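Colleague: Sequence:
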Amino acid sequence: MTIETPNTEKLDFKRILPVLVIVLVDLMGLSIIIPLLPLYAARFGSSPLVIGILQATYPMMQFLGAPILGRLSDRFGRKPVLVISQIGTLAGFILLGFADSIWLLFLSRIIDGLSGANIATAQAAITDSTNEKTRTQGLGLVGAAFGVGFVLGPIIAFIVLAATGQNYQMVAFTAAFFSFTSIMLTTFWFRETLVEGVDPAAARKRPFSFGAIRQALGRPAIGFLLIIMFFYQIAFGGYEQLFSLFTLTRLGMDARDTSGLFVLAGLFIIVVQGGLIGRWSKQKGDRWLVLLGVSTLAIGLIATGLTPAVPVPWYDKVKVLDSLAGQGELRVATQTIDIQLPDASARGWTGIIWLLIASFPAALGGGVLHPAINSLITKASDKSEVGGMLGVSTSVYSLANAIAPLFYGTLFQLFGGPVPFLVGGGILAVLWFFLPRVVREK
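Each residue of the sequence shown is one higher than the one before, counting from 0 in numbering that gives the first Met the number 0.
It cannot be assumed that every hint is accurate.
[What the hints assert, rightly or not] Listed next, the in silico EDC-like pairs over lysine to aspartate or glutamate satisfying Cα-Cα at most 16 Å (straight line):
#	residue 1	residue 2
1	Lys-318	Asp-342
2	Lys-316	Glu-239
3	Lys-318	Glu-239
4	Lys-318	Asp-256
5	Lys-78	Asp-253
6	Lys-13	Asp-256
7	Lys-378	Asp-342
8	Lys-316	Asp-256
No lab work stands behind these hints, which were simulated from the structure alone.
Quick caveat: nothing in here was measured; it's all calculated off a predicted structure.
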């Protein structure tokens, strides 16, 4: 039996709904855990360097696992690869819940990272279910599911911690519950989307080799798109991961204040990816979206770096230090906190208003680039290699995510908070200069 994708300009939402729900549930499980990982590691006496390496483990494993799962989905179908990878994610969360050493934490993140690379398979399923006119909208909805998951996950983690008396293990088991739910959804709701017998050559390809990435980079259209993917995520990934430290040292904002900005940005990205990107893609094309995304993200990062050093009106240095010290068994002496906080005598609204304005072009660029670039990559690929190419794309994206905190953190440490954001914006400005000459709609 072959499954045909109708040649229509209207997206078949019912067809892709199972994939979107599965991605949403998966991401809720992942985003529940992310805020707690540093505390988990600190509990076992880990240094900041070890904690940083732990945080980089997941995207590094995604870098290795995404092409494997993407290529295997081209060979054996999307559904079996999704189910097997989700079982691995479930095992990683359960191991995290029972972890009693830093080494088990690393093992849990390795397992989850390799399994979490199934996003390439989910994107391939969306590609199977769309055509060139609706593909960007479909991939944008995957991004919207990402955004919803990352907004809901931290809220759920907060509720679980409040109900269990700060029990980290229960948060891990809650993430495992969401992972189990995604397995059930894939098993009983998701229908295979891969067209059977597209090309026998797909079955003869190796599941993965680093040569596959090299070959993809050597193809002019796809190679430059992957380069854009890498550098944009270096800039945007570092922005996301260092944003809290920047707002703390620049504006005196604690975790609660900054989380509000993240939720606001997440909601804006959901609107862009869930509603606007499909309309823009049809009217302007994916090439226009990439140009828009790179330019607005560059503007947003540079503007963020230029944020005036004016603490928010409610800033209280003593209270901020107290919140950083934590509470209970994890509480540390405030004297040991080696972070330069701003002077409370210069409080005002200028800094926070400037940062809010700068956040919107940054969120817009970050919201449109990923689905638009992936859509162009699928249009430049043969049908038999879509899963593999999206796997390569996810690998490049994950590698950038692993490098971003190290790159931004080094610049932050050596030259101060604004510099990494200015450098990231400058890199994107250079890319934008070459984009019109290299990137084509097809």
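Colleague: Determine which of the earlier numbered hints do not hold for this structure and return their numbers in increasing order.
Modeller: 2, 3, 5, 6, 7
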